[in-house]
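A.B. asks: Just so you know, the protein sequences line up as chains A and B, in that order. For the first sequence, the numbering used here assigns the number 6 to the initial residue and increments by one for each residue that follows. For the second sequence, the numbering used here assigns the number 196 to the initial residue and increments by one for each residue that follows.
Any given hint could be a false lead.
[Unchecked claim] For lysine to aspartate or glutamate, the following EDC-like pairs were computed, each having C-alpha atoms within a straight-line distance of at most 20 Å:
| hint | chain 1 | residue 1 | chain 2 | residue 2 |
| --- | --- | --- | --- | --- |
| 1 | A | 40 | B | 264 |
| 2 | A | 61 | B | 227 |
| 3 | B | 200 | A | 276 |
I should point out that these hints are in silico values taken from the structure, not numbers from a laboratory.
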Amino acid sequence: MDYSKYEPVIGLEVHVQLQTKSKLFSSDANQFGRKPNTQVNAITLAHPGTLPKMNKKAVEYAVKMGIACNCRIESLNCFARKNYFYPDLPKGYQISQHTTPICVGGYITISVNGNEKQIHLNRIHLEEDAGKSIHDAVDGFTCLDYNRAGTPLIEIVTEPCIHSAEEAFQYLTEIRKLVRWIEISDGNMEEGSLRCDANISIRPTGSSELGTKVEVKNLNSIRNVKKAIEYEIERMINLVESGQIITQQTRSFDATNDTTFAIREKEEANDYRYFPDPDLVPFFINQSYIDDIKKSMPALPHALKSTFQTHYGLSAYDAHQLCEDKHTAFYFIATTNYSHNYKAIANFILGPLKQHVNELGIDFEKISLLPQTLAGIIALIDDGKINFSTAANKLLPAIINNNDNPAITAEKLNLIQVSNEDAISTWVQQVINAMPDKVNEYKKGKKGLIGLFVGEVKKISKGKADPKLTTSTLEKILNEQ
Amino acid sequence: MEVNKNLVEKLAHLSRLTIAENEMPEVINDLENMIGFVEQLQAIDTSDVQPLMYVGQAMNVFREDEVNDEITQQQALKNAPLHTDEFFEVPTVIKK
């Protein structure tokens with residue numbers, strides 16, 4: 006089938022739980038994993054006479070995200086009631102920003118196959134999360150846990166400007182990285198801190214009209230979002246190609262076989278009867294508030310990535326890898342205060358140090374090796390006293406947890422490379438004597454064998470022979486003979 | 196605005212109310228009166244007036260992000276007509 010005849014059009018709605026201590030409009034705790042109905046109070050449970058009051062921190066976090074996404078921050082913020090009949094919110098309505106989202110427009114830059122693309126945002130607004138309904142615990146009844154009810158959320162809505170599953174994947178990866186980077190959410194999809202609904206349609210390539218859309222819910226990992234979109238695009242194209250009609254539906258993703266299935270047909274748009282919430286006082290955000298927040302924020306990944314390339318001369322790949330996580334990026338910067346061998350710092354962080362944290366299953370933040378100790382290791386490599394692999398495999402494990410002096414430890418462990426020409430000549434001669442056949446082949450022109458000889462010298466010197474000097478000595482002796 | 200049976204049924208559904216057939220004429224009449232009253236207000240030209248989102252004068256009333264005022268699970272469930280030891284209960288809201 007010719008899939009290139011169609012262009013997929015995707016818009017994503019991402020809900021991010023903000024990691025405030027308390028809820029959006031009340032002072033009960035905002036935590037994951039507590040016993041049912043133990044983090045509630047009279048406001049969350051909608052007891053008569055209670056009034057919601059805005060959490061200052063939630064506003065700050067939403068503004069942070071707006072700044073990170075290049076949005077315009079709305080000065081006058083009001084809240085509306087979104088009325089719906091479902092017991093997951095005891096009030097009978099959700100408090101949300103309807104006409105005045107806190108952040109308007111903006112974009113997130115993603116990179117797909119090495120090309121950068123801006124994903125444009127429609128809005129980011131603040132709203133409260135609903136409680137959890139459990140349908141299968143008691144026969145004939147739905148059980149409700151209101152611990153999550155009232156948790157602060159931001160909903161990030163893109164324009165319908167995403168055109169492939171891969172772009173959606175990269176966009177979500179970037180959102181998760183950003184919310185962790187500016188520390189407004191843990192971004193954990195399995196625990197529901199980050200949730201995504203995808204609106205998907207297809208249209209003939211070149212057309213500017215939007216086709217009938219399907220909304221896919223219950224996507225609990227970034228990988229599943231990608232799989233669900235891939236499946237939907239194929240399903241829709243097959244429908245159209247076989248002369249059938251795409252109907253507007255809400256569908257759910259089935260992770261057991263990577264397909265989607267319809268959960269409801271949309272007969273008419275929901276009528277939420279929004280109106281301004283008379284209980285909540287509007288708030289006004291001025292420019293100095295925005296400027297203060299901006300000043301308090303760390304450099305953002307996209308900006309750092311380009312600094313790493315222009316200022317430190319790193320490759321685009323290394324810069325991208327370092328900016329996958331804030332702690333890794335800032336560890337790199339911290340180390341540049343002690344060493345100017347930027348490429349070596351990047352190699353060490355992205356190689357052995359990443360491997361170390363992955364093996365222990367810890368965050369880079371938890372690494373005990375100090376940047377100055379790493380710089381000390383790199384200085385030994387720069388001075389030719391130790392090679393990269395010995396540094397990574399032998400010296401690093403010895404000092405990663407205690408930050409002992411790298412030079413003294415390398416000496417103690419007998420790791421310092423021998424750059425003494427006599428010693429190296431002796432090893433070289435030994436190798437040449439032991440391999441007369443290979444030496445002949447080399448002389449007949451199989452120059453690639455030099456690597457084998459260097460390896461042998463490395464072996465008998467127990468890794469201590471300076472590889473540069475070894476190579477030059479080998480070449481000298483072999484070419485003389 | 197014309198209030199007909201369809202509109203009343205739609206509104207009743209949104210509010211989960213059941214309106215009997217014999218109540219219909221009265222409800223339609225009442226609603227028409229109410230809407231007619233509001234329609235009088237729409238005769239006023241408000242094109243230069245910002246929509247009023249909030250009636251009070253207060254602005255920027257914030258709460259510090261602190262945890263207090265929590266109640267216990269037992270207190271939370273006490274007034275619910277239906278509950279288990281841990282959960283509030285309502286009649287099943289989705290069909291299996």
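A.B. asks: Are the hints correct? Go through all of them and say.
C.D. replies: Taking the hints in turn, this is what the structure says about them:
no.: 1; hint: 40/A - 264/B; in the structure: holds, 17 Å
no.: 2; hint: 61/A - 227/B; in the structure: violated, 44 Å
no.: 3; hint: 200/B - 276/A; in the structure: holds, 18 Å
Of the numbered hints stated above, the single one contradicted by the structure is hint 2.
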